[in-house]
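Just so you know, the sequences run in chain order A and B.
Read in order, the letters of the first sequence correspond to residues 92 to 461 in our numbering.
Read in order, the letters of the second sequence correspond to residues 92 to 461 in our numbering.
What the hints contain is simulated information worked out from the structure, not anything from laboratory work.
Among these hints, one or two may not hold up.
Pairs involving identical chains hold if they fit within one copy or between any two copies, as the list cannot separate such chains.
[As the list claims (entries may be wrong)] Below 25 Å or equal to it, Euclidean Cα-Cα: the simulated SDA-like pairs (lysine to any residue) are:
{"id": "1", "residue 1": "Lys143", "residue 2": "Glu331"}
{"id": "2", "residue 1": "Lys395", "residue 2": "Arg335"}
{"id": "3", "residue 1": "Lys395", "residue 2": "Asp105"}
{"id": "4", "residue 1": "Lys257", "residue 2": "Glu327"}
{"id": "5", "residue 1": "Lys257", "residue 2": "Asp328"}
{"id": "6", "residue 1": "Lys257", "residue 2": "Arg106"}
{"id": "7", "residue 1": "Lys395", "residue 2": "Arg323"}
{"id": "8", "residue 1": "Lys257", "residue 2": "Leu332"}
{"id": "9", "residue 1": "Lys445", "residue 2": "Gly192"}
{"id": "10", "residue 1": "Lys257", "residue 2": "Gly387"}
{"id": "11", "residue 1": "Lys445", "residue 2": "Gly217"}
{"id": "12", "residue 1": "Lys257", "residue 2": "Glu329"}
All values derive from a computational prediction rather than experimental measurement.
2 protein chains.
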Amino acid sequence: MANIAHTVHVGLGDRAYDILIGDRLLDDAGALLAERFPGRRYGIITDDNVAKAQLPRLLASLDAAGLQHSEIVLPAGESTKSWDLLGQAVEGILAARLERGDLIIALGGGVIGDLAGFASAIARRGMGFVQMPTSLLAQVDSSVGGKTGINSPHGKNLIGAFHQPKLVLADLSTLDTLSPRQFASGYAEVVKYGLIDDEAFFFWLEENQAEIFAGGPARGEAIARCCAHKARVVLEDETELGVRALLNLGHTFGHALEKDTGYSDRLLHGEGVAVGMVLAHGFSARQGLAPSQDTGRIVAHLKKAGLPTTLAEVPGTLGSTEALMAAIAQDKKVSRGALTFILTRGIGRAFIEKNVDPKAVSSFLDDMRG
Amino acid sequence: MANIAHTVHVGLGDRAYDILIGDRLLDDAGALLAERFPGRRYGIITDDNVAKAQLPRLLASLDAAGLQHSEIVLPAGESTKSWDLLGQAVEGILAARLERGDLIIALGGGVIGDLAGFASAIARRGMGFVQMPTSLLAQVDSSVGGKTGINSPHGKNLIGAFHQPKLVLADLSTLDTLSPRQFASGYAEVVKYGLIDDEAFFFWLEENQAEIFAGGPARGEAIARCCAHKARVVLEDETELGVRALLNLGHTFGHALEKDTGYSDRLLHGEGVAVGMVLAHGFSARQGLAPSQDTGRIVAHLKKAGLPTTLAEVPGTLGSTEALMAAIAQDKKVSRGALTFILTRGIGRAFIEKNVDPKAVSSFLDDMRG
Ligand SMILES: NC(=O)c1ccc[n+]([C@@H]2O[C@H](COP(=O)([O-])OP(=O)(O)OC[C@H]3O[C@@H](n4cnc5c(N)ncnc54)[C@H](O)[C@@H]3O)[C@@H](O)[C@H]2O)c1
Ligand SMILES: NC(=O)c1ccc[n+]([C@@H]2O[C@H](COP(=O)([O-])OP(=O)(O)OC[C@H]3O[C@@H](n4cnc5c(N)ncnc54)[C@H](O)[C@@H]3O)[C@@H](O)[C@H]2O)c1
Ligand SMILES: [Zn+2]
Ligand SMILES: [Zn+2]
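With the rest of the complex left out, here is chain A (with noise of 0.2 Å):
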């Protein structure tokens, strides 16, 4: 296939695959998944976003190869991570009369891509199913590694299943529709993955943060290696009993901005992960850990990428210290009581801390808001 640009190999054993990268890949699916999975069904789960700008190209490329398919349309956004809409996709799955050895096709964002996997890992106790991500926050980071789940009104993602998709097949094609907003969210995670252990590639995303915006051949090279970076990870450390909470970096202190904004518009998941990363790194080095300069230096590049870097950036009023510090504790990082972090060395430096003294962390805050 001449559009395959970069493959990632996630060498799991018998949950082996491949993660292909390329322009207009989503125009070969078709052909793909047939010569990869003969005689399958396909049940495509999408939202409605993408469902208007891309699923009409990956209907005619399966149409074109013959495959049978039929389609899910849920509602965008991150409240579709829910009991209601879980059932809805796997009732609809079921209704389609889907069998074990059929895929489903995840197409879309995070969103999508955790629920129609947590979807495959329920129906029938377990399906096979292929992630086609069309944000560059899913490219990059929650299509790779099997992570799958729905949020909780007890906290984000605290329900699911680690259920590895069969292949994903990332165009880069689709992210011309996704907007600028949501393409800076997303490249919060690239950032990440400089920041926890690569700081060669943090140096190298300063030299082409502008081709990777503008979309010349680095945006294909640096969703390459986040996604070997992610597979590493994942190889390492599937279901996430160690280093694998690495790749949390920025997402307590996210993730605790994230509900007080009510997981909605006001903030979007790779800008609360802009924020934490920033407050992880002037934490850090409050505590003598790392060199204040590379908080600097961190802001400085989420800044040009148009990322909010402060807590006075996050629109409307924060909640109180409190309120952050109880979502912090309610954050699924927690153990017997004690605060697990991400903390730093510095860029490229990331460690596990896993008695942060609840205490330092709220005076810390206090101080942020300024």
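Please build the complex by placing chain B with the ligands on the supplied structure of chain A, with the hints as guidance.
Chain B with the ligands in isolation, oriented as in the chain A frame:
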């Protein structure tokens, strides 16, 4: 522990576990758990009948061992295996702030085991759980093997996960508060193991039936032999891609009857299975596959147990043959339109037949409704 009469090991590698069978094991539960799983907290899921009959014993035993616990009591009955009550169970686990290392206890019959097992599979993307089966059906069948799930309007058990328990604790004395009708219903699954591939076990049941119903040592032995049988099948085929389907002997017909009677008290699961096993043998005999005397022997044995063996004995007005056939076609043991049935060449000689002619089944049913 003096009370453990039988131990069956399920050697599933890193998911291996023990089934402990014995009298008054619930009173030892706290000590057993404290020894095997130090430092955990417990979330007990049960139904209102079992909460009255058996929960106080478990709580006393956990308290005596100093183990922290919380309880979720759900309504009794098959309709509890629903999205709604699954949501309640999972949100209850999260509300109790149980963490990924803590353990869920399923105290009850197959309904609670299936539901609580599934809730543990998806709460925090997978928590450990312990089966404490209190019905005969659960002790010989549903608590072993890791099939968990709920029902869909599209059919029984169509939503769920394969999630093995960490321990199964079958207390024989809990069966003392089970109704005789429920005991008989569970006995149908006991007979099933003999019919599948163990004629010697069926002989033994013919000889020991009275003692099993009266509660002598043969009861514990029967349960242990069933668990060992099921464990062997699960080892061979954990996710039911092959031989595990044999455990569905009588279930395709049985599920159709359960559906037709609204999953109600009109027909218990095991009662449907009893009629279903007779139908499966009768149909096999009609096809010239099995000797028809075998059907007679099975009918005689099930009758002695107080179980129904004919369609006429299903209380109320049965749906049309067309309606039953539609239910059969919708059962999950359908692949690409062809009917898959567990047929037999005689007692102890069941096999999977993937190409059963729907017309032969429907004309057989027509004759059987007399
Ligand atoms: N499973 C994981 O490992 C993992 C990792 C990170 C994030 N996540 C989850 O991912 C979610 C966020 O993902 P997201 O940012 O992609 O959100 P999203 O799926 O809501 O997509 C963002 C918006 O962009 C729209 N959209 C997506 N692709 C489009 C396209 N090509 N053209 C036009 N519109 C398009 C969507 O309809 C939506 O309105 C969160 O729920 C988060 O928890 C999961
Ligand atoms: N997971 C599997 O592999 C598997 C296998 C077979 C059956 N099943 C499922 O199991 C379910 C049937 O199980 P069941 O027959 O145990 O039904 P059940 O759980 O509804 O129990 C039957 C009744 O007995 C009551 N009860 C249970 N134990 C009691 C006790 N010790 N004292 C007093 N009352 C008690 C219950 O409250 C209920 O009213 C079905 O949903 C079926 O699909 C699952
Ligand atoms: Zn994220
Ligand atoms: Zn059964």
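Practice item. Any hints from earlier that this structure breaks? Give me their numbers in increasing order, please. Key: Of the numbered hints given earlier, those the structure breaks are 1, 2, 3, 7, 10, listed in rising order.
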